[in-house]
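Q: Those protein sequence lines, which keep their order, are chains A and B.
Letter by letter, the first sequence follows residues 104 to 576 in my numbering.
Letter by letter, the second sequence follows residues 104 to 576 in my numbering.
In short, the hints are calculated from the structure, not lab data.
Predicted, not measured: the structure shown is a model, and the values here were computed from it.
Just so it is clear, CB atoms sit at the ideal spot from N, CA and C, and this is done for glycine as well.
Misleading hints may appear alongside valid ones.
Computed spacing ranges between beta-carbons, pair by pair [said to hold, decoys possible]:
{"id": "1", "chain 1": "B", "residue 1": "G164", "chain 2": "A", "residue 2": "D163", "range": "37 to 43 angstroms"}
{"id": "2", "chain 1": "A", "residue 1": "R200", "chain 2": "B", "residue 2": "A184", "range": "28 to 34 angstroms"}
{"id": "3", "chain 1": "B", "residue 1": "M104", "chain 2": "A", "residue 2": "S547", "range": "40 to 46 angstroms"}
{"id": "4", "chain 1": "B", "residue 1": "T366", "chain 2": "A", "residue 2": "A222", "range": "48 to 54 angstroms"}
{"id": "5", "chain 1": "A", "residue 1": "G401", "chain 2": "B", "residue 2": "R198", "range": "53 to 59 angstroms"}
{"id": "6", "chain 1": "B", "residue 1": "R544", "chain 2": "A", "residue 2": "E511", "range": "20 to 26 angstroms"}
{"id": "7", "chain 1": "B", "residue 1": "Q552", "chain 2": "A", "residue 2": "R195", "range": "52 to 58 angstroms"}
{"id": "8", "chain 1": "B", "residue 1": "A236", "chain 2": "A", "residue 2": "A222", "range": "51 to 57 angstroms"}
Listed next, the in silico DMTMM-like pairs over lysine to aspartate or glutamate satisfying Cα-Cα at most 20 angstroms (straight line) [stated by the list, open to error]:
{"id": "9", "chain 1": "B", "residue 1": "K546", "chain 2": "A", "residue 2": "D280"}
{"id": "10", "chain 1": "A", "residue 1": "K546", "chain 2": "A", "residue 2": "D519"}
{"id": "11", "chain 1": "B", "residue 1": "K546", "chain 2": "B", "residue 2": "E504"}
{"id": "12", "chain 1": "A", "residue 1": "K546", "chain 2": "B", "residue 2": "D293"}
{"id": "13", "chain 1": "A", "residue 1": "K546", "chain 2": "A", "residue 2": "E511"}
{"id": "14", "chain 1": "A", "residue 1": "K546", "chain 2": "B", "residue 2": "D280"}
{"id": "15", "chain 1": "B", "residue 1": "K546", "chain 2": "B", "residue 2": "E511"}
{"id": "16", "chain 1": "B", "residue 1": "K546", "chain 2": "A", "residue 2": "D293"}
2 protein chains.
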Amino acid sequence: MDLIDGLRHVVGADHVLTAEADCAPYLTDWRRRYVGRAQAVVLPGDTAQVAAVVARCARDGVPIVPQGGNTGLVGGATPDASGRAVVVAMRRLDRIRAIDAANETITAEAGCVLRSVQAAALDRGLLFPLSLAAEGSCTIGGNLSTNAGGTQVLRYGNARELVLGLEVVLPDGRVWDGLRGLRKDNTGYDLKQLFIGAEGTLGLICAATLRLFPAPRAQVTAFAATASLERAATLLARLRASAGATLTAFEVMSASCLDLLRTEYPGLRQPFAGGAAAPAWSILVELSDPDSEAHAIGVLERALDAALAEGVVDDVAVAQSGADSASMWRLRETIPEAQTRAGGNVKHDISLPVSRIPEFVANTNARLLQEFAWLEPITFGHLGDGNLHYNIGVHDRSDLERLAANQERINRLVHDAVHAAGGSISAEHGLGQLKRDDIARYKSDIELQLMARIKHALDPDDIMNPGKVIPAR
Amino acid sequence: MDLIDGLRHVVGADHVLTAEADCAPYLTDWRRRYVGRAQAVVLPGDTAQVAAVVARCARDGVPIVPQGGNTGLVGGATPDASGRAVVVAMRRLDRIRAIDAANETITAEAGCVLRSVQAAALDRGLLFPLSLAAEGSCTIGGNLSTNAGGTQVLRYGNARELVLGLEVVLPDGRVWDGLRGLRKDNTGYDLKQLFIGAEGTLGLICAATLRLFPAPRAQVTAFAATASLERAATLLARLRASAGATLTAFEVMSASCLDLLRTEYPGLRQPFAGGAAAPAWSILVELSDPDSEAHAIGVLERALDAALAEGVVDDVAVAQSGADSASMWRLRETIPEAQTRAGGNVKHDISLPVSRIPEFVANTNARLLQEFAWLEPITFGHLGDGNLHYNIGVHDRSDLERLAANQERINRLVHDAVHAAGGSISAEHGLGQLKRDDIARYKSDIELQLMARIKHALDPDDIMNPGKVIPAR
Numbered sequence: 104m105d106l107i108d109g110l111r112h113v114v115g116a117d118h119v120l121t122a123e124a125d126c127a128p129y130l131t132d133w134r135r136r137y138v139g140r141a142q143a144v145v146l147p148g149d150t151a152q153v154a155a156v157v158a159r160c161a162r163d164g165v166p167i168v169p170q171g172g173n174t175g176l177v178g179g180a181t182p183d184a185s186g187r188a189v190v191v192a193m194r195r196l197d198r199i200r201a202i203d204a205a206n207e208t209i210t211a212e213a214g215c216v217l218r219s220v221q222a223a224a225l226d227r228g229l230l231f232p233l234s235l236a237a238e239g240s241c242t243i244g245g246n247l248s249t250n251a252g253g254t255q256v257l258r259y260g261n262a263r264e265l266v267l268g269l270e271v272v273l274p275d276g277r278v279w280d281g282l283r284g285l286r287k288d289n290t291g292y293d294l295k296q297l298f299i300g301a302e303g304t305l306g307l308i309c310a311a312t313l314r315l316f317p318a319p320r321a322q323v324t325a326f327a328a329t330a331s332l333e334r335a336a337t338l339l340a341r342l343r344a345s346a347g348a349t350l351t352a353f354e355v356m357s358a359s360c361l362d363l364l365r366t367e368y369p370g371l372r373q374p375f376a377g378g379a380a381a382p383a384w385s386i387l388v389e390l391s392d393p394d395s396e397a398h399a400i401g402v403l404e405r406a407l408d409a410a411l412a413e414g415v416v417d418d419v420a421v422a423q424s425g426a427d428s429a430s431m432w433r434l435r436e437t438i439p440e441a442q443t444r445a446g447g448n449v450k451h452d453i454s455l456p457v458s459r460i461p462e463f464v465a466n467t468n469a470r471l472l473q474e475f476a477w478l479e480p481i482t483f484g485h486l487g488d489g490n491l492h493y494n495i496g497v498h499d500r501s502d503l504e505r506l507a508a509n510q511e512r513i514n515r516l517v518h519d520a521v522h523a524a525g526g527s528i529s530a531e532h533g534l535g536q537l538k539r540d541d542i543a544r545y546k547s548d549i550e551l552q553l554m555a556r557i558k559h560a561l562d563p564d565d566i567m568n569p570g571k572v573i574p575a576r
Numbered sequence: 104m105d106l107i108d109g110l111r112h113v114v115g116a117d118h119v120l121t122a123e124a125d126c127a128p129y130l131t132d133w134r135r136r137y138v139g140r141a142q143a144v145v146l147p148g149d150t151a152q153v154a155a156v157v158a159r160c161a162r163d164g165v166p167i168v169p170q171g172g173n174t175g176l177v178g179g180a181t182p183d184a185s186g187r188a189v190v191v192a193m194r195r196l197d198r199i200r201a202i203d204a205a206n207e208t209i210t211a212e213a214g215c216v217l218r219s220v221q222a223a224a225l226d227r228g229l230l231f232p233l234s235l236a237a238e239g240s241c242t243i244g245g246n247l248s249t250n251a252g253g254t255q256v257l258r259y260g261n262a263r264e265l266v267l268g269l270e271v272v273l274p275d276g277r278v279w280d281g282l283r284g285l286r287k288d289n290t291g292y293d294l295k296q297l298f299i300g301a302e303g304t305l306g307l308i309c310a311a312t313l314r315l316f317p318a319p320r321a322q323v324t325a326f327a328a329t330a331s332l333e334r335a336a337t338l339l340a341r342l343r344a345s346a347g348a349t350l351t352a353f354e355v356m357s358a359s360c361l362d363l364l365r366t367e368y369p370g371l372r373q374p375f376a377g378g379a380a381a382p383a384w385s386i387l388v389e390l391s392d393p394d395s396e397a398h399a400i401g402v403l404e405r406a407l408d409a410a411l412a413e414g415v416v417d418d419v420a421v422a423q424s425g426a427d428s429a430s431m432w433r434l435r436e437t438i439p440e441a442q443t444r445a446g447g448n449v450k451h452d453i454s455l456p457v458s459r460i461p462e463f464v465a466n467t468n469a470r471l472l473q474e475f476a477w478l479e480p481i482t483f484g485h486l487g488d489g490n491l492h493y494n495i496g497v498h499d500r501s502d503l504e505r506l507a508a509n510q511e512r513i514n515r516l517v518h519d520a521v522h523a524a525g526g527s528i529s530a531e532h533g534l535g536q537l538k539r540d541d542i543a544r545y546k547s548d549i550e551l552q553l554m555a556r557i558k559h560a561l562d563p564d565d566i567m568n569p570g571k572v573i574p575a576r
């Protein structure tokens, strides 16, 4: 039986796509930077089928490209142009297998859309805290394979910290059942850590047991205006101290972000608009309180009043309603779309020690503008996690062409500066195809060798998502 | 140059111990279950010396046994009887290299005693939350190598969750510098996860960058009495919901624990003593509040009053002072010593999904007592993490001998029951020598093979702490 017939035998003919039109949506990434080819796109229905598909491909040495919601930003789920690969699309594995409320865990299959996991937890009064822009279409398998971040990392950690157990199909087609719901387990190497954030290069995550938390009773949101990132960091430290773990978001936005929103989305209400120029930095703060709204508002107002009195911030606006909160969040979340409307930009998903961010932004802005006076840094992100979306746009659309022409030089300048400051060139998006060769520049030989050894130990024939993560030799 | 001269050349003659009396303290474990032999005990003074020592040993194929504070409970830092090994004692690497208050991180060398790291953080108003009984003598390197747990896991996670970066000497003597202070970094495999909890079998941790947190403003402690573990789990769920992350401890103790304390330490004040029998289960609750003591007391009293009114608990005592709190904690922390005074016991450091604990304890107690009517389960631990110290003592000292004689049978019965309930036979102590062969019974072949492949990929010559963690073939 040839490969395609073999795959049809495993998953049923309806679930093996080979026609160009059927395959097309699976062969282009979300940002349309990459277009690949494949022998087939296979949609298995359960873990046993995934295992059989992988075993069948392994037998012929056929590369496997796992795919979840196909919302990744680095081409990690798109096959190469050779046409040799089989894309294994996981979306039919979409069952919530179990919720254990007393243990505060949920066991979900890899193809579950993130929002459906959040909803299943909330039905039991529990919170699955992973939250990010693509949550309506990204899948748990993709979230774990990329160790997704998002807006709640400050409180709950990255996707990695939310995983207690995994079920993984290994590159030889065997199933590792590591679906444990334990918060403490020191019986040997913690194997699940290998597969989380490996972008499908070491095995194929089929299901996970995830931590849940009690849903907070109240959420309170506020905007604050400040003159510098140093002061924003001061406010962060104060709120970390006085609000503790109830501080669930601390997002910053440069004046250029707010200006861009005003141009592209004039209908969005801005807290400090009133005709005046946007403040140098706007801060979005969210507290999630297990006690009461009154307590959260009290903590927030005391901290913000003190910060106002001491000149740490220049203006504050506390949301007076759920609608107020939603409109504050909408500002933050609309920035990427506003950038797209404005004609595109050069994106950098970076992280740094929080202490080094103010200096990094000042120096890197200056260096960029010295070389390219027509650029405009659009800086926003999760200051609480040291994670900035340090994106570079233009003041004037007529400069878009030279922005594109200089993209590589801009990337290099920014990433060199990140590296010099002890930072990461990919905070939450992963490496995929986009950045796999960049890291060869920034990682030590030892670290690259260790990665290669792990890859070889688990996937000696380089079957699993080849051409991703590990730099080409 | 022979090995010993070579090592003297690297670290100085004073720091290479070979005389029997000098070496003895390094060759016996804390519980005195294991006594090993070694060619030498070497005390390097910095990472470069550690690297040179490892390289020198590797050249001759000499096994290396890393050792921190030598407080482990499973013989993980004790060499075997062959006398071939070199013990590398890390305690001279005891510098705090940096504290970055704005980034809430500390970089400490492996030989730093846990308490000194806590103290260095507190000097800056920050908390390093790892806390366990041995904190006055255990070291950070050992804590990370065993992925230590302790009393604050419920809020802050295991040692693993507190690590942002590592510096590791690899089995070939090269240094991997992974000392990053980043909360988000997705640039390839997360290599530090390999070394955490590996008990020194994959490399030698020399330094770590660790997360800090703002120190809480107030801590409030209470004792509660309840009739069953089911009700204790109900109280846990309620406090998780109403106190959120301010719930920093939720410890349970069986009546037999309190009875034992009354016998062995009659001077210790017991909250519900008053001549009556100890309640079936006592619960120690701690809230750590960033806001105020008044708020913490309010949250705690509201939750406990409601629990009393609904019969979830039968009695409560809220600490009225720091001294009150300390005496409550002393009860909990004295249980192990009381067990030692009582003549010893068969220890089990197990974890289970919280939801399965009440049934597990009831059934396993019944099975044990059916077979050995003279046993007395002494059950205590971190219910919030699903981690019990399910220890087995005797009512009558005259039964100590048959307890020792039946130790293996008791272990087997308990661990089989743990495994059947989806639990772990080593929640926070690791495997070391003590449990390395036990896991061959409970782990799948696939998992054991994956562990062996990782070991081989990083340490192909089996130099690093051989005879630990990985089961013998």
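Q: Each hint: holds or not?
A: Hints, verified against the model:
For B/G164 and A/D163, the hinted distance range of 37 to 43 angstroms is satisfied, since their beta carbons lie about 41 angstroms from each other. Hint check: A/R200 to B/A184, Cβ distance near 47 angstroms, so the stated range 28 to 34 angstroms is violated. Between B/M104 and A/S547 the CB atoms are about 30 angstroms apart, so this pair departs from the stated range of 40 to 46 angstroms. In this structure the supplied range 48 to 54 angstroms holds for B/T366 paired with A/A222, their Cβ-Cβ distance being about 53 angstroms.
Separated by about 42 angstroms at the C-beta atoms, A/G401 and B/R198 break the suggested range of 53 to 59 angstroms. Between B/R544 and A/E511, the C-beta spacing of about 56 angstroms breaks the proposed range 20 to 26 angstroms. Evaluation of the 52 to 58 angstroms hint for B/Q552 and A/R195 yields a failure: the beta carbon distance comes to about 29 angstroms. Between B/A236 and A/A222 the CB atoms are about 42 angstroms apart, so this pair departs from the stated range of 51 to 57 angstroms.
With a CA separation close to 10 angstroms, the supplied pair B/K546 and A/D280 stays within the 20 angstroms bound. With a C-alpha separation of about 12 angstroms, the suggested pair A/K546 and A/D519 falls inside the 20 angstroms cut-off, and the hint holds. A hinted pair counts as satisfied when its Cα atoms are at most 20 angstroms apart, and B/K546 with B/E504 does not qualify at roughly 32 angstroms. For the hint linking A/K546 to B/D293, the alpha-carbon distance of about 13 angstroms falls within 20 angstroms, and the restraint holds.
Restraint check: the Cα-Cα separation between A/K546 and A/E511 comes to about 19 angstroms, which is no more than 20 angstroms; the hinted pair holds. Distance restraint check for A/K546 and B/D280: the Cα-Cα separation of roughly 10 angstroms lies within the 20 angstroms cut-off, and the hinted pair is therefore satisfied. The suggested pairing of B/K546 with B/E511 holds, with an alpha-carbon distance near 19 angstroms, which does not exceed 20 angstroms. Taken as a hint, the B/K546 and A/D293 pair is honoured in the structure, with Cα atoms around 13 angstroms apart against an allowance of 20 angstroms.
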